[in-house]
Amino acid sequence: MTKKAKIAILASAAVVLLVILIAVTPEIIKYVDENRAVAIVNGEKITKKEFSINYRSQIDYYYGLDKAFLSQRVDGKTYEEQIKENVLEGLIIRQIELQQAKKRNITLTAQEKKAIDEQINQYKNDSQNRLQFKQYLQTIGATEDDYKDQLIKLQIVSKLYNEVTKNQTASNSEIEGYYNSHKSDYIQVKASHILFKVSDPKEEAAKKKKAEEVLQMIKNGQSFEKLAQKYSEDETTKQKGGDLGYFRKGESGLDKEFEDATFSLSIGEISPVVKTSYGFHIIKVTDKKQLTLNDVKDEIKSTIESEKKQEYYKNLLEKWKKEAKIKKFENVLKSVSI
Numbered sequence: 000m001t002k003k004a005k006i007a008i009l010a011s012a013a014v015v016l017l018v019i020l021i022a023v024t025p026e027i028i029k030y031v032d033e034n035r036a037v038a039i040v041n042g043e044k045i046t047k048k049e050f051s052i053n054y055r056s057q058i059d060y061y062y063g064l065d066k067a068f069l070s071q072r073v074d075g076k077t078y079e080e081q082i083k084e085n086v087l088e089g090l091i092i093r094q095i096e097l098q099q100a101k102k103r104n105i106t107l108t109a110q111e112k113k114a115i116d117e118q119i120n121q122y123k124n125d126s127q128n129r130l131q132f133k134q135y136l137q138t139i140g141a142t143e144d145d146y147k148d149q150l151i152k153l154q155i156v157s158k159l160y161n162e163v164t165k166n167q168t169a170s171n172s173e174i175e176g177y178y179n180s181h182k183s184d185y186i187q188v189k190a191s192h193i194l195f196k197v198s199d200p201k202e203e204a205a206k207k208k209k210a211e212e213v214l215q216m217i218k219n220g221q222s223f224e225k226l227a228q229k230y231s232e233d234e235t236t237k238q239k240g241g242d243l244g245y246f247r248k249g250e251s252g253l254d255k256e257f258e259d260a261t262f263s264l265s266i267g268e269i270s271p272v273v274k275t276s277y278g279f280h281i282i283k284v285t286d287k288k289q290l291t292l293n294d295v296k297d298e299i300k301s302t303i304e305s306e307k308k309q310e311y312y313k314n315l316l317e318k319w320k321k322e323a324k325i326k327k328f329e330n331v332l333k334s335v336s337i
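For the sequence shown, position 287 (counting from the first letter as 1) is numbered 286 according to numbering that gives the first Met the number 0, and the numbering increases by one without interruption.
Treat the hints with caution; some may be incorrect.
Said to hold, decoys possible - List time: in silico DSBU-like cross-link candidates among lysine-lysine, alpha-carbon distance up to 30 Å:
no., residue 1, residue 2
1, Lys189, Lys239
2, Lys48, Lys320
3, Lys48, Lys326
4, Lys320, Lys333
5, Lys48, Lys165
6, Lys47, Lys123
7, Lys218, Lys288
8, Lys101, Lys324
9, Lys274, Lys147
10, Lys308, Lys324
No wet-lab data here; the hints were simulated from the structure.
Just so we're clear, the structure is a prediction, and the values are computed from it rather than from any experiment.
All chains should be built: construct the whole structure from the sequences, respecting the hints.
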């Protein structure tokens with residue numbers, strides 16, 4: 000091979016190499032940047048990419064990527080700075096939890112991993128959710144693998160929680176004590192109502208007047224149930240004479256004003272006209288009873304154990320965090336944007 004031919008081949012190779020470098024350099028730069036640490040926890044880093052995914056996800060969910068809102072300042076910091084600090088704090092805690100899970104050999108089973116894959120495939124294959132899922136990944140800057148990684152980590156943390164709190168149980172004496180000190184929470188009423196809906200503020204005076212007229216009819220001896228069938232605008236209950244069935248506080252699906260009025264009534268008593276966000280109501284209590292300890296024992300047991308587990312885990316997290324070696328990189332944190 001002549002000297003000229005060798006030079007030509009080398010020159011061609013150099014051109015090809017240059018083209019390849021030009022093509023891949025942005026990807027290399029992006030990869031290096033995304034893998035910079037926003038924090039290091041016990042020697043393990045939280046990458047800029049992972050932080051960015053979680054930050055964008057929270058911004059998108061709660062604030063709709065509203066840059067004007069994020070730039071507002073409160074107590075010397077912008078909302079953006081405060082949210083970044085909160086997200087980083089959450090990721091630091093999660094990293095500590097994952098490390099604790101690893102110490103305890105807590106991992107996902109093949110079946111649990113399969114369930115996550117099936118969940119993602121459902122998003123991808125469902126005609127209604129497919130485009131939305133794709134847009135969501137683009138918005139938060141994540142791939143499917145990134146998204147899967149987040150789900151895996153969340154489930155491992157959930158298994159850690161279940162493992163370390165499994166001995167936080169409720170004794171019979173604790174259950175009985177809770178019941179005795181919360182008896183008013185376990186009163187059940189059976190009530191009926193007549194509703195006069197207000198969908199426009201202009202209707203309010205007329206609807207209130209009508210409600211007062213019907214209330215007077217009841218006071219004059221007319222049947223509550225028949226008047227409910229005739230005048231109530233609650234289509235679900237009117238044919239049953241306004242009967243809502245039995246419920247406890249927080250179970251009616253109606254406003255606090257409605258429940259406060261209902262639970263203040265005695266059996267057979269009729270309320271005055273009560274205003275809620277739905278409109279105006281006339282309420283009649285047809286029965287009221289105190290649930291027994293046996294009726295609510297399982298519910299109380301679950302409540303006590305949930306509270307005990309949360310408190311126990313909170314104290315564990317504080318201990319683990321205090322023992323952890325944590326280093327944050329504020330310059331990397333500041334470089335993350337939406």
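For this session: Would you list, in rising numerical order, the hints stated earlier that this structure does not obey?
Result: Checked against the structure, the hints that fail are numbers 5, 9, while the rest are satisfied.
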